[in-house]
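Enquirer: Sequence:
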Amino acid sequence: MALYDRHGSADRLFLDGEWIKGGGGSRDVVNPSDGGTLASTGIADTEDVDRAVQAGRAAQLSWAEAPFDDRAKVLRKAGQLLEENAAECADWLMRDFEEILKEHNLSPAQYNVLRILRTAGPVGMACHEIGERMITRD
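Numbers 42 to 179, taken from this note's numbering, label the letters of the sequence shown in order.
Because the hints were derived from the structure by calculation, they are not lab data. Glycine is no exception: its CB is placed at the ideal position from the N, C-alpha and C atoms. Any given hint could be a false lead.
The calculated label-pair distances, taken between Cβ atoms and stated as ranges, are [to be verified]:
hint, residue 1, residue 2, range
1, Ala107, Asp75, 39 to 45 Å
2, Ala150, Asp69, 32 to 38 Å
3, Asp111, Glu139, 38 to 44 Å
Starting from the given sequences, assemble the full structure and let the hints guide the process.
Expert: Here you go:
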């Protein structure tokens, strides 16, 4: 079973625990790296957004009131699902990664150097900005 069922959720929004048709219609989700269609999703209108905010507020209150062990169980299950579906998650992340490489004309090694520098504090950020200008210049 796939983590994301693109056929069962086509043209829909997941709102308040159920898949619904969005009041704003639907649209295709395009893979920026190759222009292909990844899925089709529902578009929320203002009523959908209001409903989502109300559902989120109610869910937060019940989550805050839930005992620690119950919340921990939910988080452990989420971690288990991520582990069980790691290959699918990696595939989706790689599609994003490929687009970043193409958009900035970077090799994977160049991207990793910039990513590491970005997380290295103020000096790393300064080096990141210099490196980014050097790597991406025409």
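Enquirer: For every hint, state whether the structure bears it out.
Expert: Going down the list of hints, with the structure as the test:
Here the CB-CB span from Ala107 to Asp75 is close to 43 Å, well matched to the stated 39 to 45 Å. A hinted range of 32 to 38 Å holds for the C-beta pair Ala150 and Asp69, which are about 33 Å apart. A hinted range of 38 to 44 Å for the beta carbons of Asp111 and Glu139 is consistent with their spacing of about 39 Å.
Of the hints listed earlier, there is not a single one the structure fails to meet.
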